[in-house]
Amino acid sequence: MGMTITEKILAKSAGKNKVMPGENVWLNVDVLMTHDVCGPPTFAIWKKEFGKKAKIWDKDKLVIFPDHYIFTKNIHANRNVELLREFAKEHQIENYYDVGTDRYKGVCHVALAEEGYNIPGTVLFGTDSHTCTSGAFGMFATGVGNTDAAFILGTGKIWEKVPESMKFTFHGKLPEYLTAKDLILQILGDITTDGATYRAMEFDGEAVYDLSMEERMTLTNMAIEAGGMNGIIAADEVTRAYVKQRNDQPYETFQSDSDAKYFKTYEYNVEEIQPLVAKPHSPDNRDNVKNVEGTALTKCYIGSCTGGKITDFRNAGKILFGRKVQVPTFIVPASTATAQQLEAEMINGATLKQIFDDAGCKIAESSCAACLGGPDDTFGRAVDKDVVISTTNRNFPGRMGSKKSEVYLASPLTVAASAITGVITDPRNFL
Amino acid sequence: MDKIIKGKAFVLGDNIDTDQIIPAEHLVYSLSDPEESKKYGQFALSGVPLAKSGLPEGGIPFIGLNNFESIFDIIIGGVNFGCGSSREHAPFALQKAGIKAVIAESYARIFYRNSVDGGFLIPYESFGRICDKIKTFDVLEIDLQKNILKNLSTDIKYNLKPLGNVLPIIEQGGIFEYARKSGMIL
Ligand code: SF4
Numbered sequence: 002m003g004m005t006i007t008e009k010i011l012a013k014s015a016g017k018n019k020v021m022p023g024e025n026v027w028l029n030v031d032v033l034m035t036h037d038v039c040g041p042p043t044f045a046i047w048k049k050e051f052g053k054k055a056k057i058w059d060k061d062k063l064v065i066f067p068d069h070y071i072f073t074k075n076i077h078a079n080r081n082v083e084l085l086r087e088f089a090k091e092h093q094i095e096n097y098y099d100v101g102t103d104r105y106k107g108v109c110h111v112a113l114a115e116e117g118y119n120i121p122g123t124v125l126f127g128t129d130s131h132t133c134t135s136g137a138f139g140m141f142a143t144g145v146g147n148t149d150a151a152f153i154l155g156t157g158k159i160w161e162k163v164p165e166s167m168k169f170t171f172h173g174k175l176p177e178y179l180t181a182k183d184l185i186l187q188i189l190g191d192i193t194t195d196g197a198t199y200r201a202m203e204f205d206g207e208a209v210y211d212l213s214m215e216e217r218m219t220l221t222n223m224a225i226e227a228g229g230m231n232g233i234i235a236a237d238e239v240t241r242a243y244v245k246q247r248n249d250q251p252y253e254t255f256q257s258d259s260d261a262k263y264f265k266t267y268e269y270n271v272e273e274i275q276p277l278v279a280k281p282h283s284p285d286n287r288d289n290v291k292n293v294e295g296t297a298l299t300k301c302y303i304g305s306c307t308g309g310k311i312t313d314f315r316n317a318g319k320i321l322f323g324r325k326v327q328v329p330t331f332i333v334p335a336s337t338a339t340a341q342q343l344e345a346e347m348i349n350g351a352t353l354k355q356i357f358d359d360a361g362c363k364i365a366e367s368s369c370a371a372c373l374g375g376p377d378d379t380f381g382r383a384v385d386k387d388v389v390i391s392t393t394n395r396n397f398p399g400r401m402g403s404k405k406s407e408v409y410l411a412s413p414l415t416v417a418a419s420a421i422t423g424v425i426t427d428p429r430n431f432l
Numbered sequence: 587m588d589k590i591i592k593g594k595a596f597v598l599g600d601n602i603d604t605d606q607i608i609p610a611e612h613l614v615y616s617l618s619d620p621e622e623s624k625k626y627g628q629f630a631l632s633g634v635p636l637a638k639s640g641l642p643e644g645g646i647p648f649i650g651l652n653n654f655e656s657i658f659d660i661i662i663g664g665v666n667f668g669c670g671s672s673r674e675h676a677p678f679a680l681q682k683a684g685i686k687a688v689i690a691e692s693y694a695r696i697f698y699r700n701s702v703d704g705g706f707l708i709p710y711e712s713f714g715r716i717c718d719k720i721k722t723f724d725v726l727e728i729d730l731q732k733n734i735l736k737n738l739s740t741d742i743k744y745n746l747k748p749l750g751n752v753l754p755i756i757e758q759g760g761i762f763e764y765a766r767k768s769g770m771i772l
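Chains A and B are the protein sequences, given in the same order.
Per the working numbering, the very first residue in the first sequence carries number 2; after that it's consecutive.
Per the working numbering, the very first residue in the second sequence carries number 587; after that it's consecutive.
Simulated from the structure, these hints should not be mistaken for laboratory data.
The beta carbon of each residue, even a glycine, is placed where N, CA and C say it ideally should be.
Don't take each hint at face value.
Stated by the list, open to error - Within a straight-line C-alpha distance of at most 25 Å, the following computed BS3-like cross-link-like pairs (lysine-lysine) qualify:
| no. | chain 1 | residue 1 | chain 2 | residue 2 |
| --- | --- | --- | --- | --- |
| 1 | A | LYS74 | B | LYS625 |
| 2 | A | LYS74 | A | LYS90 |
| 3 | A | LYS56 | B | LYS767 |
| 4 | B | LYS747 | A | LYS49 |
| 5 | B | LYS732 | B | LYS721 |
| 6 | B | LYS686 | B | LYS624 |
| 7 | B | LYS638 | A | LYS386 |
| 8 | B | LYS767 | A | LYS162 |
| 9 | B | LYS638 | A | LYS48 |
| 10 | B | LYS589 | B | LYS732 |
| 11 | B | LYS767 | A | LYS54 |
| 12 | B | LYS625 | A | LYS53 |
| 13 | A | LYS386 | A | LYS291 |
| 14 | B | LYS747 | B | LYS736 |
| 15 | A | LYS404 | B | LYS638 |
What the hints assert, rightly or not - Covered by chain B, according to a simulated footprint, are these stretches of chain A (three or more residues, beta-carbon under 8 Å):
| no. | stretch |
| --- | --- |
| 16 | 64 to 78 |
| 17 | 142 to 148 |
| 18 | 181 to 192 |
| 19 | 369 to 383 |
| 20 | 394 to 403 |
Unchecked claim - Pairwise CB distance ranges (calculated):
| no. | chain 1 | residue 1 | chain 2 | residue 2 | range |
| --- | --- | --- | --- | --- | --- |
| 21 | A | GLY157 | B | GLY714 | 47 to 57 Å |
| 22 | A | ARG241 | B | GLY750 | 33 to 43 Å |
| 23 | B | SER768 | A | GLU253 | 30 to 40 Å |
| 24 | B | LEU636 | A | ASN289 | 23 to 33 Å |
| 25 | B | SER768 | A | ILE348 | 35 to 45 Å |
| 26 | B | ASP588 | A | VAL239 | 50 to 60 Å |
| 27 | B | GLY714 | A | TYR267 | 23 to 33 Å |
| 28 | B | LYS747 | A | LYS262 | 18 to 28 Å |
| 29 | B | LYS743 | A | GLU24 | 29 to 39 Å |
| 30 | B | GLY714 | A | ASN292 | 30 to 40 Å |
| 31 | B | GLY714 | A | GLU24 | 19 to 29 Å |
| 32 | B | ILE742 | A | TYR267 | 34 to 44 Å |
| 33 | A | LYS386 | B | GLY644 | 19 to 29 Å |
Generate the whole structure from the sequences, applying the supplied hints.
Pasting the structure below:
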C-alpha cells in the first residue's frame, strides 16, 4: 500500500522506510521557529532542564521572529522582546530578526516563507499553532508548546504520532470573487473545528495548483482551525520557483502515492462555492455572505498571517480603488516585505498604499496586531461591543480583544466590500 | 503519580479554546517567577463567557475575585478542549489554579501534548459526552489505575479511555523526566 506525502516526509525524518498512521515516531527536526510570546518560556525550560550542559542542537536551525506584541507600551511584553534579544546575543543566533532594526520581518509564518526557511520535504516545528502554514511548501510543519520546543532546542528531536490523512480536492477555475480564504471556510463549515484533529489535511486539485504561494499558505494556515496537525500541498513548479529565489540548498520533493490511504476524501468544484463568512464565535460557523448581508459593522480588519499577505492586499485594493470606507478600516501588512510591496505595486497608476490611504484606511507597521487581541494599546483591537469583519483566522470569544465583540471572518474581497458600505457586503457588488 | 484524584468538578461545554483558558493579553507574565506566575492561576478560564462558566446553570466564576487558586480540582469538558493557539500557558494556568485533571470528550492536539509533555495535568478522554451529566460542584473521584471516574455526589461511575502510550510520560511527570529515565538525554 502506498503512502501519503505526510507519511513519506515523516518516514524520512524518522529514518524509516515506512510509517503507519497512529504510530509514534521520533523525528529529526530541520528547523525550530519561535517568537516573542513563546520564545522566553521555551528558553527558560531549556536552561532549567539541561542545566549547565544546555547546548543548542544546531544554532543555524533556530529561527526567532519577534512579531506578536511588538508595538506596545506594555512592560511585560517589552520584557519578552528584551529576553529574545539577550538570548540571541548570548548564543549568537544568526537567524534572529530584531524589531527596531532593518532586519525586522513581521509575522513569523510569512517571514519563514519569505526568508527561505520553507524547504519542500523538510520538517519544521514552531511554538505557534499556525506553524502549519509552512505546509504550503510540501513540507511537514506543525505547532508545539514550550516544553516540546525546549526539548527540540536541546536534542533536535521530538516524538509525534503519525497522523491519518484527509484529502481535499478543488476542481475548476477559481472565479474572481473567491479567494483561498473562501475555500478553507468551505471546508471548516463541512468538517467543523475538530474535524481534522490529529490528522493531516492535504490539499489538491487544479484550483489549488493555480494558486500563488501566498494563497496556498492561506489554505494550510487554517488547517489548525479544523484541529489539523498539519496542512500540506505537494511542491510543484510554482513552489520551486518561489524557493529558488530565496534558498539554494538542495531538497527532495514528495508526492502522495495514488494508492495511499486516506481517512476521508472531499471533492469540490470551486465554481459552485459562494463568498463565505464564519460568523461569531467559531471559524466553522460558516454562512454565505449573501445570508448575512446588511449586518452593521463597527470595524474592518485586513491583516495577519492568514489575510495580510500581498495577494490579500491586491484583492482588497481592487475593490477599494477610488472608493471610501464607511467604518474604521485597519490594514496590517503581515511582513515588512509586504509593507514595501504596498508602496511599490500599482493598480491604475496608484500604489496599493495610496489606494488604502485615499480610501481612509489606517495602516500600521507589520506585526500580529489585533489578530490576537493583545495589550490594550494594540492597533485595531476590538473593544466593547465592536462588530468586526476580519481577514484573520479565529473568531472565538475575545480573540480580537473584547469578550463582548463579535467577529466575522471573511476573504479580503468581502472585507473590502463591507468596508465601503459599513455593512457586510458581497464582493460581487463591486467587481 | 497519585493513584486517586478527588475533588470538585467545574463543568464547561464544547470548544473551550486557549483564548478562553487564558486570554492573550495575559501571556506576558513570567512562567518561571513563582510570584508573577501566580497571575496565570488568577486569570485561568477568565475568557469563558460567564453564562457558560460552571454548567449546567452557568454564571459561576472559576476563580474568586483576586484569588490565585480555584476551589475546583477537576474540569469536565465537551469536544475539542484546548483548541486554538499553541500556548503552553493554557495547561500551565489550569495547573496554577489547582486543576489536577481534565476529562473531556476530545482534545486539540497541541493542548493535549502540552498537558502531557509539560507534566501539567492529566488529560483524560471520556467515552461519549459527560459534560451534560455532571454538575459543577459535584464531588468526583478518578481512579487512575482502573481508569474510572466516580461521581460521589450521584454515585454514578464512568469509564475513561486508558491513557495509552503517553502514560509513561505522564507517570514520569513530563517529557524531560521521561527522556532522562529512558537514557535519551543526560
Ligand atoms: S498573525 Fe495572528 S494567527 Fe498569525 S501568528 Fe500572529 S497572532 Fe498568530
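Now the hints, each set against the structure:
no.: 1; hint: A/LYS74 / B/LYS625; in the structure: holds (20 Å)
no.: 2; hint: A/LYS74 / A/LYS90; in the structure: holds (23 Å)
no.: 3; hint: A/LYS56 / B/LYS767; in the structure: holds (20 Å)
no.: 4; hint: B/LYS747 / A/LYS49; in the structure: violated (33 Å)
no.: 5; hint: B/LYS732 / B/LYS721; in the structure: holds (23 Å)
no.: 6; hint: B/LYS686 / B/LYS624; in the structure: holds (16 Å)
no.: 7; hint: B/LYS638 / A/LYS386; in the structure: holds (18 Å)
no.: 8; hint: B/LYS767 / A/LYS162; in the structure: holds (21 Å)
no.: 9; hint: B/LYS638 / A/LYS48; in the structure: violated (39 Å)
no.: 10; hint: B/LYS589 / B/LYS732; in the structure: holds (9 Å)
no.: 11; hint: B/LYS767 / A/LYS54; in the structure: holds (17 Å)
no.: 12; hint: B/LYS625 / A/LYS53; in the structure: violated (29 Å)
no.: 13; hint: A/LYS386 / A/LYS291; in the structure: holds (23 Å)
no.: 14; hint: B/LYS747 / B/LYS736; in the structure: holds (14 Å)
no.: 15; hint: A/LYS404 / B/LYS638; in the structure: holds (13 Å)
no.: 16; hint: 64 to 78; in the structure: holds (count 4)
no.: 17; hint: 142 to 148; in the structure: holds (count 5)
no.: 18; hint: 181 to 192; in the structure: violated (count 0)
no.: 19; hint: 369 to 383; in the structure: holds (count 5)
no.: 20; hint: 394 to 403; in the structure: holds (count 5)
no.: 21; hint: A/GLY157 / B/GLY714: 47 to 57 Å; in the structure: violated (40 Å)
no.: 22; hint: A/ARG241 / B/GLY750: 33 to 43 Å; in the structure: holds (40 Å)
no.: 23; hint: B/SER768 / A/GLU253: 30 to 40 Å; in the structure: holds (31 Å)
no.: 24; hint: B/LEU636 / A/ASN289: 23 to 33 Å; in the structure: holds (32 Å)
no.: 25; hint: B/SER768 / A/ILE348: 35 to 45 Å; in the structure: violated (59 Å)
no.: 26; hint: B/ASP588 / A/VAL239: 50 to 60 Å; in the structure: holds (54 Å)
no.: 27; hint: B/GLY714 / A/TYR267: 23 to 33 Å; in the structure: holds (26 Å)
no.: 28; hint: B/LYS747 / A/LYS262: 18 to 28 Å; in the structure: holds (24 Å)
no.: 29; hint: B/LYS743 / A/GLU24: 29 to 39 Å; in the structure: holds (33 Å)
no.: 30; hint: B/GLY714 / A/ASN292: 30 to 40 Å; in the structure: holds (33 Å)
no.: 31; hint: B/GLY714 / A/GLU24: 19 to 29 Å; in the structure: holds (27 Å)
no.: 32; hint: B/ILE742 / A/TYR267: 34 to 44 Å; in the structure: holds (39 Å)
no.: 33; hint: A/LYS386 / B/GLY644: 19 to 29 Å; in the structure: holds (20 Å)
Hint compliance for this structure: hints 4, 9, 12, 18, 21, 25 are not met, and every other hint is.
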